[in-house]
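Construct the entire structure; sequences and hints are all you get.
Here the sequence shown stands for residues 284 to 647, where the numbers follow my numbering.
Hints are supplied without guarantee of correctness; some may be wrong.
Below 30 Å or equal to it, Euclidean Cα-Cα: the simulated DSS-like pairs (lysine-lysine) are [what the hints assert, rightly or not]:
# : residue 1 : residue 2
1 : Lys-373   : Lys-310
2 : Lys-394   : Lys-435
3 : Lys-593   : Lys-495
Bear in mind the hints are in silico, worked out from the structure with no lab data behind them.
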Amino acid sequence: MLVGLCGGICAGKSSIAQYLAEELGFKHIRLEQTPAIAATAAPYAIEESSDTHHTFSNVDALVDFVTLRWRERWVTTDIWDDTVVDALLKRPFFLLISVDAPVSVRWQRLKARYAAEQLNPPTLEEFVLRNDAHLFTPRTGLSAMFQRAQLKLLNSASSIAQLRDAVRSLDLTDEARLRPNWDQYFMQLADLAAHRSNCMKRRVGCCIVRGKRVISTGYNGTPRGMTNCNEGGCPRCNNAAKGGADLSTCLCLHAEENALLEAGRDRIGENATLYCNTCPCLTCSVKITQVGISEVVYNQGYLVDTLTAKIFAESGVRLRQFSPPTGGLVDLSLGSLADTEGGTAKGMGKVEDIRSVLNDPDFV
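Written out as structure tokens, the structure reads:
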């Protein structure tokens, strides 16, 4: 496994790399800077000690080295440009993680580092200008590259211990982050099908599987030949009806219904599993039971989960919820809010909803 960490000045990527090395046995691996990168590289970063045996002049040499040792754990913070990312993302053992933090937080970290070395820190303006050069210089700026990361960390942690606790909870060595397990794979197919939904109420996708082979997929929307729901085809959905109300007037077929109709009972056979990004409703649960589905796996809950579970329990259909590894943008500071009382973090005042601030007419 090779973890690549990229981020702004004092975002915390070196601290995360150090955590991976000290607690999870990762080894640092380095990539030499090109002159163009060196011209805009952050001058304020504190470099880790370099192992000359694990420093490479180009990304191809680095990739060849790790490919022969992919079962070991490696980490690098030398993610310089899209060329490096392009080469690394082709490999199934690579995980790209971006790390960011508010400019004010990163500047305070920088001042603390300078104070520890008894040096005078740059001014905030100097820091912002260098940060902009680091992130937004044409062809060498790193900002656009951060968007390609499979996992994006917002690191506002106030201490190294807090940062480590938050990163530890993410289980970065989970193999499913590199290669989806079967549940994750089929749920992703259901999520992809949901993007084809034309229903105005919610996007739902479904995937029916037997023997790890896809039988059919489906998404919710009006029947074939009718005007799409998002084009006015279903009056009920377009009139902002409340969830669960006036369902008898809804013209949309559910994702599960479409998948079942596409497959047919004969093709479904025995021991088939239905994956759906939303727990099936009461009506769909009856149909799922009737065609002989053995197991239903869902991600998000729905209004009638209890009734659905009762039907499946009585008919012998296994129902379970699957949640994939945390991905996308993760705010590491939220872990510190888990230990709260009545929505108030210990030692803090009431946590204010930022939306109320932004919506205040006096806010400038």
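Hints, verified against the model:
1. Lys-373 - Lys-310: 21 Å, holds
2. Lys-394 - Lys-435: 25 Å, holds
3. Lys-593 - Lys-495: Measuring from Cα to Cα gives roughly 27 Å; hence the hint holds.
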